[in-house]
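Visitor: One-letter residues, chain by chain:
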Amino acid sequence: MSNDRSHLSRRRFLSNFAFASTAIATGVGSWVVRPDWANAASDPIKVGIATDLTGPIGYAGNADANVAKMVVKEINDAGGLLGRPLELFIEDTASNESVAVGNVRKLIQRDKVDLVLGGITSSMRNAIKDVIVARGKTLYIYPQLYEGKECTPNLFCTGPTPAQQCDEFIPWLIKNGGKRFALPSANYVWPHTLNVYARKVIEANGGEVIFEEYYPLDQIDFSATVNRVISNKVDVVFNTVIPPGVGPFFKQLYEAGFLKNGGRLSCVYYDENTLNINQAAEIEGLASCLDYFKALTPEDPFSAKLQATYEKQFPGTFLFAAGSAATGTYRGLKLWEAAVKEAGKVDREGVAAALDHAKIAEGPGGPAEMVPGKRHCKMKMYTAVAKGGNYEIVARSAGLVDPKEC
Amino acid sequence: MDNLFVALFEILSFGAIVVLVVLGLGIIASMMGIFNFAQGEFVLLGAYVTYIVHSAGLPVWLGMLAAPFVVGALGFVLERTIVRRFYAAPIVAMLGTYALGLIIREIVRGLIGGLYLSVPEPLGGSVNIGTMHFSSWRLVIILITALVMVGSYLLLARTAFGLRIRASLENPALARASGISTNAIYGATFAFGAALAGLAGALIVPVFSLFADLGLRFLIQGFVAVMVGGVGSFAGPVAGAGVIGTLAAALPWIIPPVIADVLVFVLAIIFIKFRPRGLISTKGI
Chain E
1 MSNDRSHLSR
11 RRFLSNFAFA
21 STAIATGVGS
31 WVVRPDWANA
41 ASDPIKVGIA
51 TDLTGPIGYA
61 GNADANVAKM
71 VVKEINDAGG
81 LLGRPLELFI
91 EDTASNESVA
101 VGNVRKLIQR
111 DKVDLVLGGI
121 TSSMRNAIKD
131 VIVARGKTLY
141 IYPQLYEGKE
151 CTPNLFCTGP
161 TPAQQCDEFI
171 PWLIKNGGKR
181 FALPSANYVW
191 PHTLNVYARK
201 VIEANGGEVI
211 FEEYYPLDQI
221 DFSATVNRVI
231 SNKVDVVFNT
241 VIPPGVGPFF
251 KQLYEAGFLK
261 NGGRLSCVYY
271 DENTLNINQA
281 AEIEGLASCL
291 DYFKALTPED
301 PFSAKLQATY
311 EKQFPGTFLF
321 AAGSAATGTY
331 RGLKLWEAAV
341 KEAGKVDREG
351 VAAALDHAKI
361 AEGPGGPAEM
371 VPGKRHCKMK
381 MYTAVAKGGN
391 YEIVARSAGL
401 VDPKEC
Chain Y
1001 MDNLFVALFE
1011 ILSFGAIVVL
1021 VVLGLGIIAS
1031 MMGIFNFAQG
1041 EFVLLGAYVT
1051 YIVHSAGLPV
1061 WLGMLAAPFV
1071 VGALGFVLER
1081 TIVRRFYAAP
1091 IVAMLGTYAL
1101 GLIIREIVRG
1111 LIGGLYLSVP
1121 EPLGGSVNIG
1131 TMHFSSWRLV
1141 IILITALVMV
1151 GSYLLLARTA
1161 FGLRIRASLE
1171 NPALARASGI
1181 STNAIYGATF
1191 AFGAALAGLA
1201 GALIVPVFSL
1211 FADLGLRFLI
1221 QGFVAVMVGG
1231 VGSFAGPVAG
1241 AGVIGTLAAA
1251 LPWIIPPVIA
1261 DVLVFVLAII
1271 FIKFRPRGLI
1281 STKGI
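Residue numbers (the numbering used here), protein chains in the order written: chain E, 1 to 406; chain Y, 1001 to 1285.
Don't read these hints as lab results, they were simulated from the structure. It cannot be assumed that every hint is accurate.
Between beta-carbon pairs, the in silico distance windows are [claimed, not checked]:
| # | chain 1 | residue 1 | chain 2 | residue 2 | range |
| --- | --- | --- | --- | --- | --- |
| 1 | E | S30 | Y | I1269 | 36 to 44 Å |
| 2 | Y | A1099 | E | L217 | 50 to 58 Å |
| 3 | E | E299 | Y | P1059 | 36 to 44 Å |
| 4 | Y | I1255 | E | P153 | 51 to 59 Å |
| 5 | Y | G1057 | E | H357 | 36 to 44 Å |
Please read all numbers here as calculations on a predicted model, not as lab measurements. Virtual Cβ for every residue (Gly too), placed ideally from N, Cα, C.
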């Protein structure tokens, strides 16, 4: 028997070889979604999505890929763009920058896509932007809420910036929480940069920062921090600790009586996905500020339609939520569609020039428009509060909020 | 004064959590000479079993009761089919068990969709004394950790089964000659270690919520604890876990947390430099 196994037949070799070469050629973790009406007369426009389908933030990446499939299908069903169908290329960035660079290079060099949309963390954006924009000479759209300061030409951002998440939110927190802020944070670039901005807004509105402290990304015991919050009589915890630490942190705050004594939790990346990290009572009253909440669907028919379409096409655990860049992905693709229509072609210079001032009348949470020359997006912002395991919208911006970047 | 009590309680409770997690790891390392890198994933599985039982609508404590048995059974199967092939080569065993852990972790990640899920504690809320609040569930964990520690010690030190385990460790050939099936003993010891990990996972999941990297988070801390405590005895890893857990929880009260995180490991390395066999270097219990 063992003799048999060690014997490599020609047939086995050939079949292994065929499998291996297919795997190398297509890459593991690559998906191509072809339009069903592609024909020889009009070759398709190629849309590249590079997102974290696997790894710790796979839940967000899968939602983004789903949104892309939804938007591309909708555009194709309506006759395509410039009379050409869209072909979707999805690559896995695997929550790992070194894997990502290789896979994104495939999108650029092998598939020759006309646009890359994706990246969720800032470190991912920084790792792949050079491959796409500088060496790849391709248009790049980054869809996630982030710390700002990304001003690379041909790189457009469609998620909220610190100004959009703080300018209206922090005055609301001071009014509905108190003046004494604590800024517990995970030790990486987003919290550091966001806190600089948040501190300015807090102090400009008459609040004060009692402490600003940074923790290792995998810290899960926060007893010392909770004690500082309680003993300093902090009114508002403006949290930028991320999972896995955020769950135990909120729980310990709750157990120490922070909420019972009238304290206010706030966290600007909290969306429908993160609601399940804690039991409802532990985060009762937590406030978040984002461009979209599912709670908007009763008042905004377009958001309701979008949410329903998504849930019908992709039932399951990957939610259409703002904190995982799903709304930014939608906005990015639709703005790009508008820009391609205006430019009448797909080359980078033409589309970038049109995208610079592109507008969409409808989107998740309302309309959106690019601020000319800034490559960031104006949008409506909403403040929501967690009540019994769901969000309730408590405040909304009067109009589109300026990103104040670049 | 209030602050001091709260600090002591929090430090003690985190120390207890680390001891609970390290207990199974230490028993497998000390009694079998195998560094089981899949131990963290056994913790994760214990947590996952609790979550499954809870999401099926059954009470959480039932899941916590089931977890050690389910994970212990799985540990037994894995020992019979895979781990036993590594006894001759401890280094390969590390890689092999690491691979096992990786497989379990990624399967669980797939099953829970990579999300972070809350599991309620059977006993919620907090005990209030004056202005101080003590989490009831952390109190329960401290209590159960103490019970499990004493129980494991008695099992290893006072029962015939424990004697056989120790005999198989000390001199396998002689043990076999005396009619002890070392093979069966190894299987049972590994299953026991896995069951302890399962119990740890079940008890800590309400505190930390369920996520795929839950076990990984404790694995490195666990191994440092075993190193500091010393391999070869029951008491060694437990003492090591106490020291590491206490340090990890206590340092952030006095110095910035980012430095504290590193300092724990630096202190551990310095300690091992001067006392390479660990706190307790004798063999046996």
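Visitor: Now tell me, hint by hint, if it's right for this structure.
Guide: Against the structure, the hints:
1. E:S30 <-> Y:I1269: 36 to 44 Å: Between S30 (chain E) and I1269 (chain Y), where Cβ atoms are some 43 Å apart, the hint holds.
2. Y:A1099 <-> E:L217: 50 to 58 Å: Violated, since A1099 (chain Y) and L217 (chain E) (Cβ atoms, about 25 Å apart) do not stay within the stated range.
3. E:E299 <-> Y:P1059: 36 to 44 Å: holds, 39 Å
4. Y:I1255 <-> E:P153: 51 to 59 Å: Since I1255 (chain Y) and P153 (chain E) have Cβ atoms about 44 Å apart, the given range 51 to 59 Å is violated.
5. Y:G1057 <-> E:H357: 36 to 44 Å: violated, 54 Å
Hint compliance for this structure: hints 2, 4 and 5 are broken, all remaining hints hold.
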